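Engineer: Chain by chain, the residues:
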Amino acid sequence: MDIQHKLEILADAAKYDASCASSGAARKDSRGGKGVGSTGGTGICHSYAPDGRCISLLKVLLTNACLYDCHYCINRRSSNVQRARFTPEEVVRLTLDFYKRNFIEGLFLSSGIIRSADYTMELVVEVARQLREEHHFRGYIHLKTIPEASPALIEMAGRYADRISINIELPTQQGLSKLAPEKNLARTQDAMGHIRGKIEERHAEKRKPEAPKPPPFATGQSTQMLVGADDSTDAVILQRADLLYGTYRLRRVYYSGFSPIPEPSALLPIKPPPLVREHRLYQADWLLRFYGFKVEEIASAAAPNLDLQLDPKLAWALRNRATFPVDVNRAPREILLRVPGLGVRNVERILSARRYARLRLADLLQLRVPMKKVLPFIIAADHTPARLGLDDDSLRARFLPPPRQMELDFAAPPVAGDIDSVRSGEL
Amino acid sequence: MRTVVIQPVFEEWRDRARGLLALRVPPEEVLWSDEAQEPGLFAEVEEASPRGPVPKVPAAFLDMARSVAAHTDARRWGALYRVLWRLTHGGERHLLAVATDPEVRQLQLWCKAIGRDIHKMHAFVRFRLVATDEATGREQFVAWFEPEYRIVRLAAGFFEKRFAGMDWSILTPHACAHWDGSMLHFSPGVPRSAAPDEDALDELWRTYFRSIFNPARLKVRAMQSEMPKKYWKNLPEAPLIAGLISGSGGRVEKMLRTEARPAKPAPKNTYLDSLRAMNECEPPPGAPPESP
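Protein chains in written order, with this note's numbering: chain E, 1 to 427; chain G, 1001 to 1292.
This is chain G alone, in the form it adopts within the complex (with noise of 0.2 Å):
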């Protein structure tokens, strides 16, 4: 049994891998372990990686490993291994199309979990305007995010290209990501009380927020499936919730107990005459339509 000590990023993974790969050493013999979890409690027995051909593994597992890494369950380091294995020594190359493996399907489910993770930060960061340059006009902007998992980085391509008309930061504990117009870099994680608070626009946005919610259908479940509570804290529309809830039964009641109001004749208006006058040629009411 050998201990592998790496930092928890998908490229020291990869690398030590292919260097138990090379030297043909089973996953039942590797116990795998990163520094988040321990620091220092086991001895690292480092190994020259030796080299040797490396092992061809279908692309979209590299993709999965990727994504995989920037989990936090512990067990993630060994799995990927075991399936690494598989694909290469265990003369099973098509693997990943057998969903109902277990350990295919954990690894999914882990993939599955960071791409949710990614979806909710491109759907709830939230940018502050901070400044604009004087020199070049553009406005600089600054998010503050709190991801469940390591994916920055994962997640920084998509404000790239939807952003890269402004300079930006986005803020998180583990890692910051930044444009300047021409280069996306990171940084490591901040406090956050390193991002501002506010924006002038929250205020507006909302009375958005208010203004489209109908309280004629509330369903509280679905919105919260959607977008969880953990979320709320970073969201300048989430305040608001709670009233439009409590407040929408009286606001249906109300609508209940209007009289309804009766028809008004139409107005003068040669543009409705024209519908008027185009209604009246049209096929009698009944008549299937007609497929052109």
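The shape of chain E in the complex, shown without the other chains (with noise of 0.2 Å):
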């Protein structure tokens, strides 16, 4: 099979992981040395699919074969798509005959299980390998590790990547035993309290400063989560989601909405859910990590899933109307970014800006804050809202979206630049 036959099986075989950002990793880069590559800053979105998804890395999986049996996967052994397999050598050559080109900015590397997870880890870990150190590559390099391999191999492949990540698919042991029997939630959580333990280790040994500098550690890990694929709920999914960031200190967690694919499985639902229910889990995603806001704020044993038709901020605010209006010249950041329309970047320029002076609506207006979705939540040094208004049922209306909007093209749930999409993030 020629390589480029290869490339388009393996490629197609590794669409379904969502996680393609570039961005957190050490700044590093290739003065002085002998290859190319460099890493560190924001992430660079080199090109976007009709999907709307950015692509940043050379995103493929090393062999489509796999010993696993997970039904929302295409590449499962229950599956009927062609398998193919890449050598670890035709890896790196794509990689770096993409990079010099700047199409990309590293390598995402993934794999099916091929007979043990030893075996494929020292596969993957071995293209890794070769990149940094026979090609002296300095891009970015994420690679996919499996819970059960040996921690030895799981430290391999974080002195070479960037970022290693393992995806927990499901947000219940109930979900996996019936998607995904191979897996299990407790192994794979633990796998990642002990890549958190090394990357802490690592940290910690670089703030001495007379010790010998230590060897290289990824930055961070990553997971992603199926949506859709089974029957949890939002409120599920978050909690998830909140342990993950919490206990593991993962950098991000993907939500995957589950979509149709070539070889579908009989024990999944034939009808995917609508792709907003990932963009609002992305944004309720957001409100954990920026907006101080707890899970069950947004999403409570009584309401379990998040309203598809509002985003979760509005959602909340609407349920909380006693919070408001605030006065954004006086109130502190944390009640500030409450405010439905208010982003992180627009709080930190309302509480510089008012320190010089009363801030009006027009000066709002200067920072394009949405004033149709502020107004009735703020007070200005020239704006009170009717109190009529927050008081009012058809409030909610208002905000609603017009009938003929559900052709579902929200902006593509925030990706590479991970902070930069934070602070213009308006939720």
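Derived by calculation from the structure, the hints in this document are not laboratory data.
Given the structure is predicted, the values throughout are model-derived calculations rather than measurements.
Glycine included, each C-beta is placed from N, C-alpha and C at the ideal position.
Among these hints, one or two may not hold up.
[What the hints assert, rightly or not] Not everything, but these chain G residues come out facing chain E in the computed CB check (under 8 Å):
hint, residue
1, P1102
2, R1105
3, L1154
4, R1162
5, K1219
6, G1250
7, V1252
[Unchecked claim] Below, computed lysine-lysine pairings styled on DSS-like, alpha-carbon distance capped at 30 Å:
hint, chain 1, residue 1, chain 2, residue 2
8, E, K206, G, K1161
9, G, K1254, E, K178
10, G, K1112, E, K372
11, E, K15, G, K1056
12, E, K15, G, K1264
13, E, K198, G, K1254
14, G, K1161, E, K373
15, E, K271, G, K1161
With the hints as a guide, bring both chains together as one complex.
Structural biologist: Quick look at the structure:
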């Protein structure tokens, strides 16, 4: 099989992994070295596919042959998809050739599991080793790891990679037992705990001034959860994400709305979830990480699923009208962050500008704050919302999208350049 | 009223602005023009730059000015001088912290446009391999790019850091940047015909682009907001886009019509056996996740 055909099969096999972030790596570049590559700035999306997803990395599987039978996955052993396998050298060559043409920021390598976890992991690590040691490649490397691989191999993966990840896939063991019988939530989390330990150990060593420079280690780990393949509610998904952020210090949890695949399994729902559900989960995730919200405030036991029609911050504000209106000239940061329509960056601008002048609506217009959205919730020097407006039952109706707007063409979920999109995210 | 005509580069604006500040010329008495707009239209009133103390300005302002200078809006030189005046002589040293001020905001918006253009240049430059130096073995690449603003100098450092191990030139209509392994240097702009059209790897890249696309999640507007059409003409993958979009509906239809595959029994494999054994020792499903 020629390289072009292999690439076709093994990129197709990798496209269900949503992650493509290439930010958050340690700063390094190729000056004074023998090769190419740099990392450490904001992530760069070198292209976009018509699915709205950023293409920043060469995202391929080493092989799509797999012993496992995960029913949401096109590469499971029960699928009749055509199989292919790259040699490590082939992936190395492709990565370098693409990189030197500025097509990509680096490599995201994953693999179906063949023979055993360790056998597969060794092959994956070998690609990264060749790139780093033989070709002096200093670009971004993201390696997918297997929870059951030996700790020594995961450690080697971390040495060569900027980011490592293990996909949790589903938020509960019940879901996994049904749809991914070989996978185990506790083992996945144990492996994440081990990686967290390594990342922090390395970080602590770096801070000792006179100690020799420690070998590099990945600066972060991430994971992916499938949405809509099992019957988990948004509350269950967000609680799992919150636990992963808190206990294992994950950089990112990616949510991937289950979408139809060419080799459907009899165990899966025929109807995929609306794409907007994934989008709402990303918004909720942002609220957890950057806006000081708790899971229970966004998705409670009583209302375990997010409102598909309104963004979760607006939905929260409408449920908690007693908090408003909020005075933009007085309210502390954590309250301003809760105002629908004020993003992280504009909150910072408001805090800075109001030290020198009382802010009026015209000032907020300068900041391009969405006025229609914020007006019922704020007080400014020249504005007090009609109490009537906040109490009015029809306030929710005001924010609902007009009936025809159901072509779900929302901006792509935030991907590379994490922080940048966070700051511009007008939640 | 005096007219100041400059070359449209940051350094010239800075030098003239320093002179005007030292003479305490308020912004409303200066008409700024650059030769990109109206060459020779205004009679230049030249004064010897007085040597006086140069007023201190926040470093953030200089960064901002350097970036704004790369913009093409004719009002930028005057706008920069007004903010500079307010910072130094208007008693508003804190001015840059007031993002709600219309003049500061305008500078920020220009900066943002420049930042975006630089970012897109970092993303969408496509190098083509043209030769390999026989003596050194270094590969030589050439790229053609058409930025919206005059950002080549601002954007070049990134390429030096990333591609130090190869020789490269980035050609644009306004300016070109070149790296030979030891020095970054710049030369005047060239026409499109000076750059190669294709690279042997383009076809492999298109294969990747086609294969990584998921037809079941079409979001054309999301793609276009990040990769506006104005960049498409220099992207080897862009000609595929229309076909991928129009073919996606049929591909999804086919997936939905495909008969679901039954689960296959597990093959004999010692590794799978060991996984099964481990799973049986685990706490029963449904047990709450333990916090280590």
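Engineer: Confirm or reject each hint.
Structural biologist: Taking the hints in turn, this is what the structure says about them:
1. For P1102 (chain G), the interface hint holds, the least distance from its beta-carbon to any beta-carbon of chain E being 6 Å, beneath 8 Å.
2. Given the 8 Å rule on beta carbons, the hint for R1105 (chain G) holds: about 5 Å separates it from the nearest Cβ of chain E.
3. For the restraint placing L1154 (chain G) at the interface with chain E, the shortest Cβ-Cβ distance is roughly 14 Å, beyond the 8 Å limit, so the hint is violated.
4. The restraint placing R1162 (chain G) at the interface with chain E holds, with a minimum CB-CB distance near 4 Å, inside the 8 Å limit.
5. For the restraint placing K1219 (chain G) at the interface with chain E, the shortest Cβ-Cβ distance is roughly 3 Å, inside the 8 Å limit, so the hint holds.
6. Annotation: interface hint on G1250 (chain G) violated; nearest CB of chain E at approximately 12 Å, more than 8 Å.
7. For V1252 (chain G), the suggested interface contact is upheld, since its CB lies about 6 Å from the closest CB of chain E, less than 8 Å.
8. Proposed proximity of K206 (chain E) and K1161 (chain G) is supported: the alpha carbons are some 23 Å apart, at most 30 Å.
9. As the CA atoms of K1254 (chain G) and K178 (chain E) are separated by approximately 26 Å, the hinted pair is consistent with the 30 Å bound.
10. Simply put, K1112 (chain G) and K372 (chain E) have alpha-carbon atoms about 24 Å apart, close enough for the 30 Å limit, and the pair holds.
11. Taken as a hint, the K15 (chain E) and K1056 (chain G) pair is broken in the structure, with Cα atoms around 53 Å apart against an allowance of 30 Å.
12. Taking the CA atoms of K15 (chain E) and K1264 (chain G), the gap is about 24 Å. The hint holds against a cut of 30 Å.
13. Taking the CA atoms of K198 (chain E) and K1254 (chain G), the gap is near 46 Å; set against the 30 Å cutoff, the hint is violated.
14. A distance of roughly 43 Å separates the Cα atoms of K1161 (chain G) and K373 (chain E); the hinted pair therefore is violated under the 30 Å criterion.
15. This hinted pair does not check out: K271 (chain E) and K1161 (chain G) have alpha carbons roughly 47 Å apart, beyond 30 Å.
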